[in-house]
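For the sequence shown, the working numbering begins at 1 and goes up steadily by one.
Treat the hints as calculated values from the structure; they're not laboratory data. Note that beta-carbon positions come from the ideal geometry of N, C-alpha and C, so glycine has one too. You may find that some hints are simply not true.
[Claimed, not checked] Restraint ranges, calculated between C-beta atoms of paired labels, are given here:
#1 Met-151 - Thr-184: 23 to 31 Å
#2 Leu-80 - Asp-16: 16 to 24 Å
#3 Gly-164 - Asp-78: 36 to 44 Å
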Amino acid sequence: MIHELREYRIDVRAADAYFSLFRDLAMPIRGSAYGRLVANWLIPGEVVTFYHLWEYDSLGERTAKRAALAQVERWTRDFLPAAAALVSSQRLTILTPYAIDGLPGFAIDDFGAAPIVFTTVRCRTGKAAAVASAIATARPPGFRGVWTEEMPDPNAVWYMCDPGEALASDWLEAHGAVHRTTKTCERGPY
1 MIHELREYRI DVRAADAYFS LFRDLAMPIR GSAYGRLVAN WLIPGEVVTF YHLWEYDSLG
61 ERTAKRAALA QVERWTRDFL PAAAALVSSQ RLTILTPYAI DGLPGFAIDD FGAAPIVFTT
121 VRCRTGKAAA VASAIATARP PGFRGVWTEE MPDPNAVWYM CDPGEALASD WLEAHGAVHR
181 TTKTCERGPY
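Model the full assembly from the supplied sequences, consistent with the hints where possible.
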């Protein structure tokens, strides 16, 4: 299984229009036929950051489903042009949920809870699996999930937890991390 984390930056004045478009047009078109929406979050501000996490069986399935979606006339004619006019920038990250000892690396039922803290950990080259394993084994309080990043940075790990429960920088560094970025998100509009 893979997860695709989509990050959109939207001017606050365009955010309500984008969220209505996403809810009223994109989701009725997509449903779960083109990937399953696991959860969505946002960071409010003058520029709103909107995250949505999609699940696929594999990268090949994602490619096939995105190609099929591109053939849907309402998607290409109605949604994409309207969305493009509202979104300032877009970033995609391909993540692999990390599992250990037969336990999933994420608590799927907890994804919708808010607020949530995303932490991106940049690792020394070749250390991402060790860092992901250490995080998954430690399972800090409020732990929600850990992923290794496939693209664009194979030396990164993402983990999710409740606010105030992020692992200490020195603990992460001892396990192979070089830098971390933490973002606190609210529940998304969908």
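Going down the list of hints, with the structure as the test:
no.	hint	result
1	Met-151 - Thr-184: 23 to 31 Å	holds, 25 Å
2	Leu-80 - Asp-16: 16 to 24 Å	holds, 19 Å
3	Gly-164 - Asp-78: 36 to 44 Å	holds, 42 Å
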